[in-house]
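Based on these hints, arrange chain R on the given structure of chain F.
2 protein chains.
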Amino acid sequence: MKTIDVCLSPELMHLYEVRSRTVVVVDILRATSCMVTALAHGAESITPFAKLEECLNMKSKGYITSGERDGKKVDGFDKGNSPFEYMGDQVHGLKIAFTTTNGTQAIEKSKNAKEVIIGSFLNLSSVVKYLLLGENNVLIVCAGWKGRINLEDTLFAGAVVEKLKDYLGPDCDAPLAARHLYNLAKEDMAQFLNNSSHVKRLNRLNIYRDFEFCLSVDQYKILPRLQNGVFVV
Amino acid sequence: MKTIDVCLSPELMHLYEVRSRTVVVVDILRATSCMVTALAHGAESITPFAKLEECLNMKSKGYITSGERDGKKVDGFDKGNSPFEYMGDQVHGLKIAFTTTNGTQAIEKSKNAKEVIIGSFLNLSSVVKYLLLGENNVLIVCAGWKGRINLEDTLFAGAVVEKLKDYLGPDCDAPLAARHLYNLAKEDMAQFLNNSSHVKRLNRLNIYRDFEFCLSVDQYKILPRLQNGVFVV
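So the protein sequences, as listed, match chains F and R.
Every number in my numbering is 3 more than the matching position in the first sequence, counting from 1.
Every number in my numbering is 3 more than the matching position in the second sequence, counting from 1.
Just chain F, with the same shape it has in the complex:
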């Protein structure tokens, strides 16, 4: 039986062997939700950067630059971190350079993996189907918040573990914990997350609409994969 594990924080990545695994990077609020949205709306590619400066430099190479730190758009960047900025004509055919507080850091730490894909609730079923059909063991890497765990990424991990429970065995306690939490939350994830630290942070930033959209399941049927450092569908 293939196995599935969950790394609840990028700060724990050194504990996991990833060279033989498919890694799913998830940052529900909001990096990977934005990436999935952009690629579903016809963006040509998304290039993730851990560092702000490197991302901003891509502007001169014809890229749209997207940057967020602490939940806020960064001066000089074309776009911030709301999925509603990544729809329709706003992104169609464009190459996007992306850097965020947590999500692109988690991607950076996953680069040694056999393959890296992008997960979000927006493309949950596509992720599940891909992992089911693939040959590799799986590691879900939760972006968290500055190294700490967060509930929304953990719930996504739990959803994947739950849906694959008959096919992929848990490697450790983290997938069990995530699955329990998802099953507790699944009837009303928004309500479940209402007291979470990140939702409070988003509410302060007045972006509850983003939060609701990022929790909506299966809006898109795409699977972004990292190829030569660039995410494409």
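Hints may contain errors.
Heads up, the list lumps identical chains together, so a pair's fine if it works in one copy or across two of them.
[Said to hold, decoys possible] Simulated crosslink set (BS3-like; lysine-lysine; CA at most 25 angstroms straight-line):
1) Lys224 with Lys117
2) Lys5 with Lys203
3) Lys64 with Lys82
4) Lys149 with Lys114
5) Lys168 with Lys203
Hints in this document: simulated from the structure, not taken from any laboratory.
Okay, now just chain R, sitting in the frame of chain F:
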């Protein structure tokens, strides 16, 4: 309102400021359960060591040496890591030097805290009462398993967060997650933990009796505190 946070793995300790906090170290299976048992049964003190050799050297200084690696007693040590080795005349009046795979590593990483106490289900109410009456913010440090999170330590953290919910506010998502898991598990923790990685490990070692004992709540009314590097009641 005072705050409470949970560090789910010693590998995340660098994310937490502990100098102003009371840190509760927990390693349910079985280091902190053994320590509480020993001190409740009249052991004079417990000196924790991260390194095997340093612990073993204490034998020549009149200490009982207790050592475990990967769940098994270590050659040359007087005792292993079963709470049943730390009862009655086996420990009364003795000074114990202790090293374990996870628990004493977590203690080592907590040494900069304002104060360090030892938590287990065996002395749960004493821990809760102490934290309630104390003036400091709280961090519960779960020993986990070689850097990974485990369910049993997370449940203990959740129990403390739950019991103090009207008095200490959660700092972050980890205490929320732990509390949810505890509330899900509390009616039958043994059943809840049956599929956890550590319980499977213990079952392979044929020590289910230890497991059941370590989950029994409030066997003892003591609160071990670290004073000059030594735990005393």
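Right, here's what the structure says about each hint:
no. : hint               : verdict
1   : Lys224 with Lys117 : within (23 angstroms within a copy, 51 angstroms between copies)
2   : Lys5 with Lys203   : between (37 angstroms within a copy, 19 angstroms between copies)
3   : Lys64 with Lys82   : within (16 angstroms within a copy, 66 angstroms between copies)
4   : Lys149 with Lys114 : both (19 angstroms within a copy, 23 angstroms between copies)
5   : Lys168 with Lys203 : between (32 angstroms within a copy, 18 angstroms between copies)
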